[in-house]
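Using the hints, put the two standalone chains together into the complex.
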Amino acid sequence: MNDTIHVKTMAEFTASGETPEILFWVGCSGSFDDRAKKITRAIVRILNHVNIKFAILGMEESCTGDPAKRAGNEFLFQMQAMQNITTLNNYNIKKIVTGCPHCFNTIKNEYPQLGGQYEVIHHTQLVQELINEGKLKVQGGEFKGKKIVYHDPCYLGRANDVYEAPRDVIKSLDVDLAEMKRSKAKGLCCGAGGAQMFKEAEKGTKEVNVERAEEALAENPDVIAVACPFCNTMMTDGVKHFNKEEHTKVLDIAELVVKANNL
Amino acid sequence: MISTIVFILLAISGTVFFLYNAKKVHRNIFLGKQVNVSGNTSARLNTMLRVAFGQSKMATRPVPFILHLFVYVGFVLINIEVLEMVFDGVFNTHRAFFILGSFYNFLIGFFEILAFLVTFGCAVFLIRRNVVHVKRLVMKELSGWPKMDANIILCSEIVLMSALFLMNAADQTLQVKYNDHYQHCGSFPISHFIAPFLSGLSVGKLIFIERSCWWLHIFGIFGFLNYLPYSKHFHILLAFPNTYLSNLNPKGKFTNLDSVTDVVKPNFDPGYQPVTDPNKPERFGAKDVFDLNWKQLLDAYTCTECGRCTSSCPQNMTGKVLSPRKIMMDTRDRLVEVGKNIDKNKGTFVDDGKSLLGDYITNEEIWACNTCNACVQECPVNIDPLSIITDMRRYLVMEQSSAPNELNGMFSNMENNGAPWQFSPADRANWVNEAS
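The listed protein sequences correspond, in order, to chains A and B.
For the numbering used here, add 153 to where a residue sits in the first sequence, where the first one is 1.
For the numbering used here, add 8 to where a residue sits in the second sequence, where the first one is 1.
Just chain B, same shape as in the assembly (with noise of 0.2 Å):
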């Protein structure tokens, strides 16, 4: 009775604060500018589907992906069981499931294979970290923190896993010394190996097992869900809503700025009515945060750190300072930092003399990129770091004026002479009257 109130305490509690920090996130989301995502609807389900559920871009780095497999089927579906261990905890029942009859023991042998290939997926992706050192999972934007994240999420796993297998091997015992509540069902084709070392145990021994075992997993459920909003973990979420929201137009395509259209446009069509209020001029390009949009910071907050972005980048791999994936991270830490001063100062930002370009992003980063797109085609949740780092651009050229000397040479040839570099207009057709 007292564990069904202790249960029932912990889901409460668990769920109350994972939604009281997630509604934090999505105040902090919605702190970026708005951003036209409407419509499209079909294609935006087909994209989730196919890129988020369908996990289809992970599929171009073969071992990652089968190992990520692995743990991404596993985690949702063993979540069903889990669903198994609510009821029970909520109505001190065992295995209330087996109702189900022998599909239920096909279900639970099956979750036991999930749950090692879990284990498994895990254990080689550490080995990767912290053995192997796969060269994108030690750059040094994961130095610190993290790293020391990424290998708690594997730990914590890992963990995770081994309490169920234990718990099953200690019920199994059970169901053979004390079936007057363990009632014999389920199959166990891993922690069957498990079970020989436990047959010696008592009773009483056995049941503090299996009970401190199902404790073990109930709270770290619970204790994994309120660490997401903390974590580059929260991917497991949001790379849903984010890949619903993807951009669906070619990526060559940059945004244009409306409040430069109002400016420009009366010049060439007098009847032209700009669509930007006035009254409410907006920076040019963005500085902070506040000058993203809010699915920029959605990308922010759905990354989790792999690194495929900054792997593929032209300008990483020939030692240049720009990486991709410190764009991302760097764009949430700057978030997360806003957010805290927003709940230290009673709901408003104040001011702390601080911005994301500056104090985050340096200026080099931003001027290495080649705006090549392999960042945003690499990433398997539809992320954008180059819409970033051309937004932070166009805060440097229009409201800093601050480009290399060479960029703003080439600006003046063009509005010059109509071409990048210092040739005559009149001889633009030159090439039509001489030798191939």
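Bound-form chain A, shown alone (with noise of 0.2 Å):
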């Protein structure tokens, strides 16, 4: 595996004179968090592997305001937004796809009515796009004939009724994709959502993370599959708190595309 890869952001391209095809939307936990960080060069090593002309915001990236907007706080949602949409709207923006369901989300469909209009898709809808047309050619590799269960992110399944693209990347893998109980629609949420990443639960008697990871569990998978970097917290939280990360990892969608095709 060659660990270089290539990335420019959109005042690069400006500087020489250039357009992207597409904009990467990195997102705050794409971002910083570490786990979250090997994602993003996943996402980045499909990227340069079919040779997408994509570029980054960089330091001019802000948060889309999700948390913001999901705790309640429509004041700095706004403003997050409008940041955000200035900057895009000054390069010009036409299409993004971004690393995390809630960006993807937020600026899909809030961003639109504060003047952001653009296509926005999630990473996995665009690397099933590269598959379909033929760009991506992807084969099972360490992964072949391993039992693999998705978890719908609540932002991607519920929230925008994607639930088959996910999915169709996951099968050209020849993997064995097993279903939990819940899932699609029915799917229950990893606990993160609504600006929970941030606090403390309430009282209760479990956390929501390990109710999710022992159904995933219960259908002794290799792999849990996800697809947005605060489910992969939760699910690899839960895993561990069963000492099954020896067994089950836990692994973003674009990771297991990047290590079945040493990409």
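To be clear, the hints were calculated from the coordinates, so they are not data collected in a lab.
The beta-carbon is built from N, C-alpha and C at its ideal position, and this holds for glycine as well.
Be a bit skeptical, because a hint or two may be false.
What the hints assert, rightly or not - No more than 30 Å apart at the CA atoms, straight line, and that leaves these computed lysine-lysine pairs for DSSO-like:
| # | chain 1 | residue 1 | chain 2 | residue 2 |
| --- | --- | --- | --- | --- |
| 1 | B | Lys143 | A | Lys359 |
| 2 | A | Lys339 | A | Lys300 |
| 3 | A | Lys299 | A | Lys402 |
| 4 | A | Lys359 | B | Lys362 |
| 5 | A | Lys352 | A | Lys397 |
| 6 | B | Lys261 | A | Lys352 |
| 7 | B | Lys352 | B | Lys155 |
| 8 | A | Lys359 | A | Lys397 |
| 9 | A | Lys352 | B | Lys148 |
| 10 | A | Lys297 | A | Lys324 |
| 11 | A | Lys300 | A | Lys359 |
| 12 | A | Lys356 | B | Lys261 |
| 13 | B | Lys362 | A | Lys356 |
| 14 | B | Lys65 | A | Lys339 |
| 15 | A | Lys356 | B | Lys288 |
| 16 | B | Lys155 | A | Lys356 |
| 17 | A | Lys339 | B | Lys155 |
| 18 | A | Lys359 | B | Lys155 |
| 19 | B | Lys295 | A | Lys356 |
| 20 | A | Lys337 | B | Lys65 |
| 21 | B | Lys65 | A | Lys324 |
| 22 | B | Lys261 | A | Lys247 |
| 23 | A | Lys248 | B | Lys261 |
To be verified - Now the stretches of chain A that chain B is said to cover, found in silico as 3 or more residues with beta-carbon under 8 Å:
| # | segment |
| --- | --- |
| 24 | 178 to 184 |
| 25 | 278 to 286 |
| 26 | 369 to 377 |
To be verified - Across the chosen pairs, the derived CB separations fall in these ranges:
| # | chain 1 | residue 1 | chain 2 | residue 2 | range |
| --- | --- | --- | --- | --- | --- |
| 27 | B | Val329 | A | Lys247 | 41 to 51 Å |
| 28 | A | Asp187 | B | Phe276 | 32 to 42 Å |
| 29 | B | Val146 | A | His394 | 27 to 37 Å |
| 30 | B | Thr68 | A | Phe395 | 21 to 31 Å |
| 31 | A | Gly293 | B | Glu442 | 25 to 35 Å |
Here it is as structure tokens:
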């Protein structure tokens, strides 16, 4: 595996008078969280592999405002949104791929009303498109025949009805895709959404991520596939709770594709 | 003749009293703020036909779906027979619709089978609630009146159906013994099992039974109609407008607060024209029912407390205090309280020092939510508890500054660093040069 990845910022594109095909919206988790940064690099490896001209905003990117919006801080959300919309519109951005379902939902559904109209897709949708168009040829590699369960992120699934693209990508890896008892529209939250990621849970009998990890582990999978950096954190912690981290890995779909194909 | 007059008076007073209460409910719902639900007529009709008429969202839980389908279809179709009962009541006829001939016999037989299925469905529902104790049907927000309400509804339906069977049993016996008035018609696949028990009775007693059951059914129908506005059972009517007015946007799209946009946007766009009236400043978010929009209040009256929302809520199933069903029940209870206040004070609301958030719903419930939309997805009549929770969070954050401390920390990180954590914006692209 070649360790170098190639990334240019929008500022660099503009300076050289070029226009990228798509903007990669990295997101705060993908930028700062050590585990999520690996997912970000996996997404870039796929983009590099198929030679897509993409840009990031780099230091000009700021939080979409999603956790503020879900927590009820509409002022802060709109400040963040309008700041980002100003940046995106100045660069005349048309198409965005996000590494996080929360960024995806916010930019796709909540930015238009504030003046930000873009075509927005989630990275699992982009990977599926690339496979369908024949631009990305994939094989199962180390995952061939392995049992994988997919955990639907709420903000990709129920919030935006994207259930099949992530599954299609997983299936293309020649694996045994299993479904949890609660999946797709009935999928159970990992426990992070609604700004819960940033606070302690209220008093109860169990943590939500433990409940969900228990359900996933009941399928005895080799991998729990996720498509959201927050779900990744919650499911990883849940698997550790049951001391199953040696047996069951928690991996983003982008990482599955990269690892299976040595991208 | 007297019975005809009594019947007509009953029909008129039953209808008028229902309309009087329905008007109050209508007034209460429109205490809510305006919300734009215009347009998309075909998509709305489609949703209503699919979700309310077609019961599409019930199907994910097969056992209650089938039982509810019996009761729903039975209830709707048996009301066709009630039309005949009303006609007979007004014109003192016996089974006037027999002019339909053999088709009439088929219909009456079909209705008896439906009535049996309704009775069966209601009986199983009673067992699920009171014997098997299905978890979502015995949770603590149902103790007291809500539990009683459910049992009253189910028992009433069983009584209504039993009256129908007993009436038909007496009727068919009279058709043999006294067919001057009781002309020979109908088919009775269920009640003919009851008829042999009545065969020894005199014509007078049989007429007494037949008439009593007829009156019981008629009184039952009007009683039931007038019970609806006080009961969770109102869903049988409101499910239709409520699904018609469903949110057609992706579930992840939360409402935009225009009043906030009017404050924030001029900083970015000096030419921006505000859309809200600066002379009528609105509260940010919701503290009481007046701060919710009327669709949210219609949701509250539509809720039949089935608890599918709560049983799918990740926070509720892990023992937290949040229950989306309770949010809807509290909203209705508070709205009813406000309505009574208005009635008592000649049409105006006199501040009672209470509010939905605080006296009914606690902050702990509001902050427990994952905004995962499971409750919205589950609701068979497209109620949206999440929108109420979100509006209450907005109130707590923007009017009260009383978010949990950790969230305040997250807010200030976002303001200062452009990320919910305390990282420098300058480090945002460090991942590019780190090892995979």
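Broken hints, numbered, in rising order? 4, 15, 25, 26
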